[in-house]
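One letter stands for each residue in the lines below.
Protein chains: 2
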Amino acid sequence: MLHDSEIAEAAELWPIARVAHEMLGVPDEALIPYGRHMAKLDRTWLSTLDDAPLGRLVLVTGISPTPAGEGKTTTVVGLTDGLRQIGVKAAAALREPSMGPVFGMKGGAAGGGYAQVVPMTEINLHFTGDFAAIAAANNLLAALLDNHLHHGNALDIDPRTITWRRVLDVNDRSLRDVVTGLGGTANGVPREDAWDIVVASELMAIFCLATSLTDLKERIGRIVLAHTRDGSPVTAAQLEAQDALTILLAGALQPNLVQTLEHSPAFVHGGPFANIAHGCSSVLATRTALQLNDVVVTEAGFGADLGAEKFFDLKCRLSGLRPGAAVVVATVRALKHHGGVPVAETGTEDLEALRRGGANLRRHLQNLRDVFGVPAVVAINRFPNDTEAEIEVVREIAESEDCRAVASTHAVDGGAGAVELAEAVQNLLDKDEVSFSYCYPDEGGVVEKAEAVARRVYRAEGVGFSKRALKQLDRIEADGLGHLPVCFAKTQYSFSTDPKALGAPEGHTVDVRDVRLSAGAGFVVLVAGEVMTMPGLPKVPASARMTIDGEGHIRGLS
Amino acid sequence: MLHDSEIAEAAELWPIARVAHEMLGVPDEALIPYGRHMAKLDRTWLSTLDDAPLGRLVLVTGISPTPAGEGKTTTVVGLTDGLRQIGVKAAAALREPSMGPVFGMKGGAAGGGYAQVVPMTEINLHFTGDFAAIAAANNLLAALLDNHLHHGNALDIDPRTITWRRVLDVNDRSLRDVVTGLGGTANGVPREDAWDIVVASELMAIFCLATSLTDLKERIGRIVLAHTRDGSPVTAAQLEAQDALTILLAGALQPNLVQTLEHSPAFVHGGPFANIAHGCSSVLATRTALQLNDVVVTEAGFGADLGAEKFFDLKCRLSGLRPGAAVVVATVRALKHHGGVPVAETGTEDLEALRRGGANLRRHLQNLRDVFGVPAVVAINRFPNDTEAEIEVVREIAESEDCRAVASTHAVDGGAGAVELAEAVQNLLDKDEVSFSYCYPDEGGVVEKAEAVARRVYRAEGVGFSKRALKQLDRIEADGLGHLPVCFAKTQYSFSTDPKALGAPEGHTVDVRDVRLSAGAGFVVLVAGEVMTMPGLPKVPASARMTIDGEGHIRGLS
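Line by line, the protein sequences are chains A and B. Take the first sequence: its letters are residues 1 to 558, numbered as in my numbering. Take the second sequence: its letters are residues 1 to 558, numbered as in my numbering.
Keep in mind the hints are simulated off the structure, nothing from the lab. Some hints could be false.
Same chains, same label: a pair holds when it works inside one copy or across any pair of copies.
No farther apart than 20 Å at their CA atoms in a straight line, the calculated lysine to any residue pairs in the SDA-like style are these [what the hints assert, rightly or not]: (1) 431 <-> 468; (2) 539 <-> 159; (3) 539 <-> 54; (4) 467 <-> 448.
Construct the complete structure from the given sequences, taking the supplied hints into account.
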């Protein structure tokens with residue numbers, strides 16, 4: 001099989017205006033082109049859709065991730081193409097890739113094989129400039145804050161309490177822990193500081209949760225940057241920053257439209273971290289896609305315990321969007337790993353290990369049904385050396401939870417390989433057995449909400465809070481924000497906080513050691529594990545293997 | 001008169017494809033659209049122009065700048081529109097504005113009044129993403145360098161010798177002097193570091209001097225980042241960075257096309273600092289404009305001593321471009337200030353002060369003629385309260401150097417206000433009296449070249465070098481780069497290094513205290529004054545006065 005980048009390069013892309021017309025009925029005047037194969041949808045035109053009925057929303061989530069890989073993004077793309085192949089007006093809603101990992105370890109993130117969104121190179125690099133706009137706005141706010149300290153600190157900000165960090169879209173470990181403002185009185189006020197990768201910015205989460213330009217501006221105004229010496233929160237509004245930041249983000253906030261290799265529409269917009277934020281593409285792009293399609297396939301980060309929980313309890317709660325069905329992506333290899341087989345040996349048939357590892361899949365299916373009331377189908381992202389017997393075992397595991405499991409070969413066969421999966425999903429939507437509810441109600445405090453997620457989704461015995469975390473919760477309560485929903489930052493590899501506890505552990509405790517307020521995004525982050533918000537580069541970065549010739553032909557980007 | 005932003009907002013813009021067709025004869029397939037009113041010109045299509053004859057190049061430069069303002073950019077725009085009005089196929093080639101000043105003190109930089117390039121908001125903000133791409137590439141190189149130190153420092157780089165800085169496009173004084181890599185062994189190697197604004201990056205200068213993608217990659221490979229412990233230069237090529245950086249810049253390197261308020265084509269591309277770099281828009285955009293037009297009007301930073309000198313000795317020398325004429329912009333108010341009148345009083349008629357200040361204008365005209373062999377015309381950027389007698393005095397000053405001076409009212413009247421100026425420029429081009437030469441030949445060392453600029457252009461008695469500067473020159477010589485042309489960083493307010501020495505001082509000495517190597521750009525920077533490469537924000541930044549409503553209407557951006 002060809003390499004991802006060779007497939008992308010050989011693809012015959014349609015002009016984006018043709019995708020808009022033929023696939024969505026969207027006219028030329030609605031498009032703001034960025035190059036020939038990318039466009040944003042104009043805000044003014046979008047406002048004419050306000051009363052349009054919404055299509056059905058399908059969430060692609062997964063089992064607890066393993067190093068063997070699951071393939072959620074390719075499944076979103078394949079399923080969308082499969083739905084289009086059976087005559088359903090469908091679109092994908094995906095996150096934008098971050099450039100940091102592109103030049104670091106991972107390479108691109110626009111799907112793979114014959115289930116990709118294109119133009120791959122542009123999407124993996126600057127795309128339509130959204131991340132650059134978010135970084136510019138984020139860093140202007142940081143500059144305004146330090147500028148306030150420099151010019152007399154009229155608000156009496158305690159520099160030691162500043163939580164607003166600068167960001168770049170690059171893997172750069174040297175920026176994790178820095179001191180700024182050195183060199184004398186002309187250069188501001190010296191203080192400890194830290195940089196994050198742009199996808200870890202609260203502004204990225206805000207961008208993805210905003211329901212309008214006005215909502216974006218109000219959320220920005222509510223960002224808490226620091227506290228005063230007498231303990232009051234200092235917001236971006238107090239620095240008169242919300243309009244300038246919104247000006248920097250106004251263009252970017254308009255949803256991006258690209259296409260899959262089969263010309264299905266793909267709304268690729270925003271991309272917050274899935275640990276310290278909610279990990280879903282933008283509400284505005286999802287809503288636009290739902291206004292223009294009968295079915296929209298979207299994705300959440302990590303496994304269903306983290307990604308789907310945040311999709312439901314944060315993105316759906318804060319936007320009013322409602323899921324119609326869920327797809328849980330699993331691979332035979334990953335389930336064998338959950339059953340105790342080392343990654344290197346997961347290529348060999350082992351039905352017993354597969355059955356043991358199936359506990360992880362069952363737990364996620366139970367949660368979707370019992371906690372959230374969302375019907376699910378299992379997508380087995382099939383690899384060439386998966387045996388028929390193994391596929392059959394996964395089917396049995398799913399059936400034991402009253403779910404169908406469908407093997408899908410979209411990575412090799414494109415939409416044709418996902419037709420059976422598409423039929424299963426459409427069938428689920430037709431039966432309409434959703435009785436959606438959140439894991440916890442809007443009412444109640446942070447501790448109560450944390451307990452609900454930990455007990456109901458993670459199957460923990462309870463939540464422990466460090467002294468530091470309790471103190472931080474007191475301050476959030478005092479700031480009048482004790483009612484916000486919660487966003488756990490913990491390992492994605494296990495239901496517990498121990499990345500080695502694979503399968504379906506229970507009876508553990510979730511220890512919260514740190515609490516971070518994202519007042520603009522509208523949630524409280526509970527840190528229960530190592531959280532890396534600025535990755536580093538490996539000894540031989542991906543950048544060293546890339547080449548470009550005099551005509552602009554690129555090799556090695558993905 | 002309406003405010004700049006009101007004029008820009010009321011303008012009826014043509015679709016950029018119409019500007020390309022009607023004004024340039026450029027077909028649709030040559031355009032890569034960015035929104036409806038901006039486009040890049042496709043690299044593949046541009047290669048079909050390789051044998052096209054070049055039009056004539058007109059440099060707009062100025063007297064030594066004063067706080068009273070001269071208006072070079074508006075003159076470029078007005079003159080271009082004026083040339084179009086008299087039937088000349090003309091275009092403007094301008095620098096892109098930096099976002100830092102937009103949110104700081106200065107506001108936008110896309111011309112003013114009825115001599116603007118549009119869409120003003122987009123050009124002043126993210127535009128087509130060029131600056132973001134340059135920042136991303138610049139900062140990837142910094143991350144690769146620190147990553148090399150972290151993973152064992154196989155090249156034996158001395159971290160104290162690192163000269164490659166990170167950049168952002170924001171005014172942020174807190175980043176001028178920092179310490180990075182703190183927090184233990186996981187976070188890299190602690191070291192002193194500093195950030196510049198993106199326009200001060202050597203990569204910006206490289207971007208603007210590159211003649212092709214291949215040339216860009218080779219220049220990037222030659223960048224000297226640091227030295228090893230035994231004193232050898234460490235280049236970007238040694239970090240295998242040149243391809244990855246070129247990949248990040250390949251899209252951006254394609255010239256941008258926008259329009260003036262009168263639909264004249266404007267190539268707005270790149271924008272390096274005019275002190276530590278050469279201060280001109282990109283060679284590729286200038287060349288493209290020359291291939292598509294009979295006359296191209298472009299601009300250099302600061303006054304003619306700095307801006308025009310670098311335009312000729314760096315941009316023209318390194319690219320092979322040849323000037324056809326120069327326009328020296330002056331205002332009555334600024335000349336009175338050069339004649340000793342405080343800025344606040346320059347609104348009152350004072351013919352004697354004007355005659356005294358005229359020495360500054362005369363000196364620049366002499367330099368253009370005697371040093372560079374370029375015929376010049378004086379553009380008097382006329383203000384409402386300039387008197388007829390004052391205009392007449394400026395005419396006399398110009399005539400004493402065998403030059404014409406033409407009053408121009410393009411800021412109020414658009415191209416119609418610059419028709420006489422356009423005729424004067426066209427007349428100069430028709431006479432074709434250019435006998436262009438550089439200030440110094442390619443041969444010779446840095447000291448020789450510095451002496452030539454100081455004596456011939458600044459009219460100094462000579463150049464002094466600090467011990468530190470001499471040591472740095474020794475190293476550059478040892479690295480085999482002692483033959484590069486020179487780029488002075490000194491005050492723009494005077495021919496001398498004393499910003500208060502207005503008019504036409506002579507007999508001074510130029511003291512070089514610091515030398516910086518820009519090996520990729522291909523010049524040696526001689527620092528003879530304060531050089532600020534990261535501005536700060538004022539107490540009340542421009543950002544605090546900006547507003548945006550729910551439909552995206554912006555106020556206060558310019």
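Can you tell me if residue 539 and residue 54 fall within 20 Å by alpha carbon in one copy, between copies, both or neither?
-> This pair counts as neither: shortest intra-copy Cα distance 48 Å, inter-copy 48 Å.
At most 20 Å between C-alpha atoms: does residue 539 with residue 159 qualify within a copy, between copies, both, or neither?
-> between (35 Å within a copy, 18 Å between copies)
Given identical chains, is residue 467 near residue 448, meaning Cα to Cα at most 20 Å, within a copy, between copies, both, or neither?
-> within (17 Å within a copy, 68 Å between copies)
If the cutoff is 20 Å on CA atoms, where do residue 431 and residue 468 land: within, between, both or neither? Let me know, please.
-> neither (48 Å within a copy, 80 Å between copies)
Of the numbered hints listed earlier, those contradicted by the structure are 1, 3.
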